[in-house]
Amino acid sequence: MFKLYGKFFAIHLRSQMQYKTSFILTVLGQCLTSFGAFLSIYFLFARFHQVEGFVFQEVLLCHAVVLLSFSLAEIVFRGFDTFAGIISRGEFDRFLLEPRSPMFRTLCTRMEFSRLGRLAEAGIVMAYALSTGVVVWNWAKAGVLLLMIVCGTLLFAGLFTVYASFCFFSIQGLEFMNIFTDGGREFGQYPFTVYGRRILRFFTYIIPLACVQYYPLLYLLDRAPSPWYALIPLGALLFLVPSTLFWRLGVRHYKSSGS
Amino acid sequence: MIQLEHIHKSFRVARRSAGMKAALHSFLHREYTTIHALDDLSFTIGDGEIVGYIGPNGAGKSSTIKVMSGILTPDSGTCRINGRIPWRQRIEHVREIGVVFGQRSQLWWDVPVIDSFSLLQSIYSIPDTLYRQNLEELTQLLHLEELLRTPTRQLSLGQRMRCEIAAALLHSPKILFLDEPTIGLDAVSKLAVRSFIRELNQNKGTTVLLTTHDMQDIEALAQRILLIGRGRLLLDGSLQDLRRRFATGRILTLAYEGGALPQLPGIRVLTQEPGHARLALDTTCTSTADAIKSLSQQLSITDIAVEAPTAEEMVVALYKEYQI
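Residue numbers (this note's numbering), protein chains in the order written: chain P, 1 to 259; chain X, 260 to 583.
Calculated from the structure, these hints are not laboratory results. You may find that some hints are simply not true.
Unchecked claim - Which residues of chain X face chain P? A few of them, derived with a C-beta cut under 7 Å, are:
#, residue
1, Ile294
2, Ile324
3, Ser328
4, Thr332
5, Asp369
6, Ile373
7, Asp495
8, Ser497
As the list claims (entries may be wrong) - Stretch-level coverage of chain X by chain P, calculated; a stretch enters the list once three of its residues show a Cβ under 8 Å from a Cβ in chain P:
#, segment
9, 341-350
10, 354-361
To be verified - Just a sample of chain X residues kept apart from chain P, beta carbon distances all over 12 Å, derived:
#, residue
11, Thr292
12, Glu308
13, Leu378
14, Glu395
15, Pro410
16, Asp445
17, Arg509
18, Ile510
19, Ser546
20, Gln556
21, Thr561
22, Ile563
23, Glu571
Think of the CB as a built atom: it goes at the ideal place given N, C-alpha and C, for glycine as much as any other residue.
Just need the whole structure built from these sequences, with the hints factored in.
Here it is in structure tokens:
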């Protein structure tokens, strides 16, 4: 299966390299648009020095983690993110004709390397935030940061999967899902506590974005009430259970209704 | 062996009249109509047959193919293909079938065809030796040498269809479903595709089911025809059966010297000029041989041509008879 994924990876790379100029321009564009988000944080902190007890560099770290996760998810799980097109062009029928799981096949069908621009911007911001010394480093914290990014990526993948599963039922009116995907990315620039208790709860128990961001961030900054906060990102993976079940339900519906 | 018994499938389709008011109304309250795409469909296809599956647009041809390839689960009825239920044992089943949908490509747009093939090798886990052997054979039979290194986007429609067919056969399927394989192809490509399908069937015993609107495909390939209309199987027989039932008329074109056209039962004069006539003959009254005999007794015929209705005309008659 890894070998097959590797083959798909190679073919995507070759396809996208066919249009070099377009590729480079998209990468640059991606990089610049997410730079806008960085600027908005910068200007905010030019006037206020703290937001809910978080300083500029801490918020930047938060922004970088969420953006990094989001852009990784967009590169790897692009098939789920653009699933409406896959259904409407009948590509999904072809997936079902192949002796592979439709989920794996969807994973393989799109990889969006032009999102490397966004990834690069997130990486630069993160490097900057870390270089200012807001985090006192040790190995455990490095592990937690990695865990935040990995679990964050998978959580966004789960959100894309929910979006894709809706496409099995109707291709129309799916824009509301962007509240959680793109919205999650935008909201996630600041630690979720700044939006108030209710929003924090929503992003903890319903869509557990705070689990990869606010709680482990407290651990990184030595402000966590308990060392267990380091493992909270793993809790976000629970989201993959309902999203996978929903996907299965969608596939079953699709097979009984056709496109 | 393909066996379908009493397959039913209906879809609910949202209905809406034209206009802004109707659009608003349907936004609040959707009306659905049920369409019976497949209505008690049963047939059996033996190993090694070539079957032409015909019917007007919307008759249920694609739905049948989807059911048989495991993409669509019917509401009721049974379907067994080589002993498997396609939608239950999808993964084992699809290893044994090849499907060419005219509209849904399995080739990657921007990379050379050979790369798409090699990806299919991995998807189907085709052993290297078998893959090389099949590739070589398909390349030769479908004349793909020049095309393999070309990106799909630069191929013509006919070239692409040949590559699509090859792609569907790399894993040596026992059954091949072709959905309109010759649609939009030029005459040369059509002939190439047809002769390839015939050879495949003869040499490998591959069972082929093809849907088409092109009756020349049927004439060239299908020993057997299934006609479907409004989700029901209307006719199952050979092209000869069809001829016997629907091609009972002949057109005789005569050139003759002297004599008067005789009155014969079952012959109607279409046009008549001195020394030249076109006659319509009903073979249920008078056989063609008898008609020619009587005509030649009374006229001195210099030239005669007999035309039977084309498959195309028969199908029109068929659709008319079943009112589909």
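Verification of the hints:
1. Against a cut-off of 7 Å between C-beta atoms, the interface hint on Ile294 of chain X is violated, since the closest Cβ of chain P lies about 11 Å away.
2. Against a cut-off of 7 Å between C-beta atoms, the interface hint on Ile324 of chain X is violated, since the closest Cβ of chain P lies about 10 Å away.
3. Given hint, Ser328 of chain X at the interface with chain P, holds; its Cβ is 6 Å from that chain's nearest Cβ, closer than 7 Å.
4. Annotation: interface hint on Thr332 of chain X holds; nearest CB of chain P at approximately 5 Å, less than 7 Å.
5. Against a cut-off of 7 Å between C-beta atoms, the interface hint on Asp369 of chain X holds, since the closest Cβ of chain P lies about 4 Å away.
6. A hinted interface residue such as Ile373 of chain X counts as satisfied when its beta carbon comes closer than 7 Å to some beta carbon of chain P; here the least separation is about 11 Å, so the hint is violated.
7. At a threshold of 7 Å, the smallest CB-CB gap from Asp495 of chain X to chain P is about 25 Å, leaving the interface hint violated.
8. At its closest, the beta carbon of Ser497 of chain X sits 30 Å from a beta carbon of chain P; the interface hint therefore is violated under the 7 Å criterion.
9. Counting residues of the segment 341-350 of chain X whose CB lies closer than 8 Å to any CB of chain P gives 3, which reaches the minimum of 3, so the coverage claim holds.
10. Restraint check on the segment 354-361 of chain X versus chain P: 4 residues with Cβ-Cβ distances below 8 Å, three needed, restraint holds.
11. For Thr292 of chain X, the condition that its CB be more than 12 Å from all CB atoms of chain P holds, with the nearest at approximately 15 Å.
12. No beta-carbon of chain P is positioned within 12 Å of the beta-carbon of Glu308 of chain X; the least distance is around 21 Å.
13. Not every Cβ of chain P is farther than 12 Å from the Cβ of Leu378 of chain X; the closest lies at roughly 6 Å, contradicting the non-interface assignment.
14. No beta-carbon of chain P comes within 12 Å of the beta-carbon of Glu395 of chain X; the shortest separation is about 21 Å.
15. Listed as outside the interface, Pro410 of chain X is inconsistent with that label: its C-beta sits roughly 8 Å from the nearest C-beta of chain P, within the 12 Å cut-off.
16. The non-interface label for Asp445 of chain X is consistent with chain P: the shortest C-beta to C-beta separation is roughly 25 Å, beyond 12 Å.
17. Distance check for Arg509 of chain X against chain P: the nearest CB is about 44 Å away, which clears 12 Å, and the non-interface claim stands.
18. No Cβ of chain P approaches the Cβ of Ile510 of chain X within 12 Å, the least distance being about 44 Å, so the stated non-interface status holds.
19. Remark: the non-interface label on Ser546 of chain X is consistent with the geometry, its nearest Cβ contact in chain P lying 49 Å away (cut-off 12 Å).
20. No Cβ of chain P approaches the Cβ of Gln556 of chain X within 12 Å, the least distance being about 63 Å, so the stated non-interface status holds.
21. Distance to chain P confirms Thr561 of chain X as a non-interface residue, since its nearest Cβ pair spans about 58 Å, more than 12 Å.
22. No Cβ of chain P approaches the Cβ of Ile563 of chain X within 12 Å, the least distance being about 52 Å, so the stated non-interface status holds.
23. The claim that Glu571 of chain X lies off the interface holds: its Cβ sits roughly 29 Å from the closest Cβ of chain P, which is beyond the 12 Å cut-off.
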